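Engineer: Single-letter residue listing:
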Amino acid sequence: MFKEDLKHNMAAVIEFKDITRTYRLGDEVLNALDNVSCTVQSGEFVAITGPSGSGKSTLANIIGGLDKPTSGTVVVDGQDLSHVRDRQLSDYRNRHIGFVFQSFNLQGTQTALENVMLPLLFARMKPGERKARAKECLEAVGLGDRLKHKPSQLSGGQRQRVAIARALAVKPSIILADEPTGNLDSERGAEILKLLKDLNKQGITLVVITHDMSIARQADRVIQIKDGKIA
Amino acid sequence: MRFADYVTLALRNIMRSKLRSSLTIFAVVIGATSITIMLAAVFSLKGFMTKQFEANGTFQQIMVSPQTDINWGDYSGNQCQDCVKLTDSLAAKLGQLQHVVGVARQTQVGQFQALTYGTQKLRTQEISAYDANGIITTQVLAGRDISASDKTGVLTISSDYADKLGFKHNYQALIGKQVGLMTQGWYSGVGSDPIQASKNQQAFFSSHPGANGQDYQPAPTTLTGKIVGVTSTTDRSYAIRVPLDWARGMEENQMAVVTQADQDAAQAKCRQQHTPQGCNTQPVASAVQVSDELAKQGYNSYIVKVDQSSNAAAVAKTIRNTYKIGAADAQTEIKQQLAIFNILGLVLGGIGGIALVVAAVGVVNTMIMSILERTREIGVMRAVGARRGTVSALYTFEAGLLGFFGGIIGLLVGYGVVLAANPIINKQLSSNSITGSNIITLPIWLIVGVVSLTTIIGILAGLYPARRAAHLDPVEALHYE
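Those protein sequence lines, which keep their order, are chains A and B. For the first sequence, this note's numbering assigns the number 1 to the initial residue and increments by one for each residue that follows. For the second sequence, this note's numbering assigns the number 1001 to the initial residue and increments by one for each residue that follows.
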C-alpha cells in the first residue's frame, strides 16, 4: 500500500565522502569515523555491522541527521547535510528518515495513535489528516485494534510495531533501524525483521545497524565497520 | 507545530505531574492574589475618595486666608493683624470674579471652656461659624443644618458630642434640647454683662487690698442655645457650629465705660464723706461700648466656590496674585494628598512582586526538573523532526501557561477576598455615616495586568530551561537513562 506513496522518493541515495567524526574526551581525541566513503542505493537493504565502539552508530546518526561529520560531505536525496543548520536538518529528519530504536522510545503517557501522530505534528499536518494517517500506519503494521493502547499495555513486539508505524507516518525514503530486534525474543525479532523487509520491498531504503549476523545475512549488502573504517 | 498543538502538548505536560504543577502554580497564585487585593484596595479607595470630593463639590472650592501659605488641609486660617484683612467688602469683591459662584465667610470663636448639658460639661474646641449659603456643606444626621435665617441661640453639634451626651442611636431626641456654652472668664461678647463685671472687679479689689491683676478671676458667662441638628463627624470631629451673626456677637468686645456723669457722681460721694486722706471712691461705669472685633480683625478665612472644578486652580492663582492673600484650591491639594495612594500601591504591589519573583524561581526549578525527566522524550521529538525552536517554544509556552493559570486563579481568589471584604467595609462606612457601598472593585486594567504579568513572568522563567531543552544533543538525549 505504500508503493504508490513512495514513488516520488525512489531516487533516494545516500552518499558519504571522506567522512571523519572525531570526539574529544578530555585531552584525548577519538576518531569515531575515520575517512569513510560509501554509497547506499535507493531501495537497497543495507546492514551496517561491527563490534561495539566501532563507529557504526555514529555512521547511522550521521545518515539520520542526528549528528554532523567533523569533515567530509554527506549527500542524501541530493541534499548536502554536512553544512546545513538545525532547522533544515530537523526538517530533513522529519521528511526523509524514519527511526526505529532498540528500546522503542515511545512516549509512555500517550496512546499508540498519539505516538504515531508525533512526527506529523512537526510536519504541521491538520489534526484530522494526522489521525487518519496514523491509523493507516498502525493498521499497516497489524495494530489496527490497538490504537488507544498505551505502550505499557502492549508487548515488546507490539511496541516495536508502533515504533515502525511512527517511522512510516511521514512517508520517509529511508528507515534507519538501530538494533531493532535487540530487545525482542527471536520469534518476535523475526516478525519485526519481516515487517521491515516488506517495507523495503515496497521501495523504502532500509538501513539496519546490527551485530546480529543472521540479520546481516538477509541484507542486500553489508557494510562492516571496524575502528572507524570500512573493513 | 500548530498553535493548538502547543496548547495541547503543554497542557498534557502540566497535567502529567499534577502535584508539582499545582505547587508551582500555587506560588504564582499567592503573588497574583496579593497584587490583586492590594492594588484593588488602594486604587478603589483613591477612586472612591476622589469621587466623594467631586460629588460634594469640594473640588470646586478654594480656601482663602490672610496668611499667604494656606493649605487646603488646614481647617482654617488664623486672624492676622498685619495681613490683608478678610473683610465683608473683600468677600464681595471675590464674589465678582469670573467663574466664582459664591463666597462663604468663616470665623472661629475660641473663648469657650465647655459645652454643658445637665450636669455634663464637655470639652470644646473652637466654635465655627460660616455663611449658610450652601457653599460649605455638612452631612446632617438628625434635625437640620444652620440656615441663613438663623440669627442667634441655635447650634448644631457633631454626632460624637451627641454620643457623649448619651444620645447614641437616638440623635433625633436631642433636637430642640437646650445646651449651654460656657465661656472663659474674660469673655466680653454678647450675653456678658460688662457693667456687672466691672462692679465685681471693683468689689474684689476693694475687699482685697494689695491684690494684683492675676489674682482676680472673673466668673464665666454661659450662653444658652437650642440644638437644631446633629452632623456627621466625617468632616470634623467635636464640631459646634453657630450662625455667623451669633459668632459676630461672641467676638464683640463689650466694655464698661465711665461717663462724665459717673465721675461727677463719684466726686459728689467723695465730698459727702469728707475724708481727710483724700477721696478713694472709684467712679462706677454705667455705659457700655461695643466694638465689632470681627469687622476690625477680619474673618479667619473664606471658602470661594467656582463654577467648575477645572477653573479652581486658575481662580485661586488670580486671588493670590491680585489680593496678596493665601488661596489654595482643594483639587490641587487633595490630588497631591491622594498621590500617596500611588506610592502605597507601588509599595504593596512591590510586595506582591517579590512573591512573584519567588514564584518565578519555582517555575524555573519545575521546568528544569521536568525537562530532566523528559530528556529521552525530547530526544525522540528531535529525532522525528522537532526543530530546536519548536522544543524551545513548547517549554516556554508550558512555563507561560503555569504563570497564566496562577494569574487566573490568583485573580479569582482576589475577587473572592474583595467580595468578602466589601460587606465589612460597607458596615464600617455606614457606621461612620459615609454613603457608598461595595467600593472595592477590580478594574479591567488590573485583571488584564495581573494575568499578563504572571504570564510574562512564567515565560521569562521558562526561557532558560527551554533553551537547555532545545540545545540537548539528540543522540545523547535518546540514550539518556
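Take these hints with a grain of salt, some might be off.
Below 25 Å or equal to it, Euclidean Cα-Cα: the simulated DMTMM-like pairs (lysine to aspartate or glutamate) are [claimed, not checked]: (1) A:Lys148 to B:Asp1005; (2) A:Lys150 to B:Glu1252; (3) B:Lys1085 to B:Asp1245; (4) A:Lys194 to A:Glu44; (5) A:Lys229 to A:Glu179; (6) A:Lys135 to B:Asp1005; (7) B:Lys1269 to B:Asp1292; (8) A:Lys150 to B:Asp1245; (9) A:Lys194 to A:Asp227; (10) B:Lys1018 to A:Glu179; (11) A:Lys68 to B:Asp1473.
Honestly, the hints are just simulated from the structure, not real lab data. Just so it is clear, the structure is predicted and the values come from calculations on it, not from any experiment.
Engineer: For each hint, tell me whether it holds in the structure or not.
Structural biologist: Tested hints:
Between Lys148 (chain A) and Asp1005 (chain B), the direct Cα distance comes to roughly 19 Å. Compliance with the 25 Å bound is thereby established for this hinted pair. Between Lys150 (chain A) and Glu1252 (chain B) the alpha-carbon distance is near 101 Å, which puts this suggested pair outside the 25 Å criterion. Restraint check: the Cα-Cα separation between Lys1085 (chain B) and Asp1245 (chain B) comes to about 19 Å, which is no more than 25 Å; the hinted pair holds. For the proposed pair Lys194 (chain A) and Glu44 (chain A), the alpha carbon gap of about 15 Å is at most 25 Å, so the pair holds.
Proximity of Lys229 (chain A) to Glu179 (chain A) is assessed by CA-CA distance (about 20 Å); at most 25 Å being required, the pair is judged to hold. Note on Lys135 (chain A) and Asp1005 (chain B): the hinted pairing holds, with a Cα-Cα distance of about 19 Å set against a maximum of 25 Å. With a C-alpha separation of about 35 Å, the suggested pair Lys1269 (chain B) and Asp1292 (chain B) falls outside the 25 Å cut-off, and the hint is violated. Only pairs whose Cα atoms come within 25 Å are accepted, and Lys150 (chain A) paired with Asp1245 (chain B) is rejected, the gap being roughly 95 Å.
The hinted pair formed by Lys194 (chain A) and Asp227 (chain A) fails the criterion: a straight-line CA distance of about 30 Å is larger than 25 Å. Taking the CA atoms of Lys1018 (chain B) and Glu179 (chain A), the gap is near 36 Å; set against the 25 Å cutoff, the hint is violated. Between Lys68 (chain A) and Asp1473 (chain B) the alpha-carbon distance is near 11 Å, which keeps this suggested pair within the 25 Å criterion.
Comparing the model with each earlier hint shows violations of hints 2, 7, 8, 9, 10; every other hint is respected.
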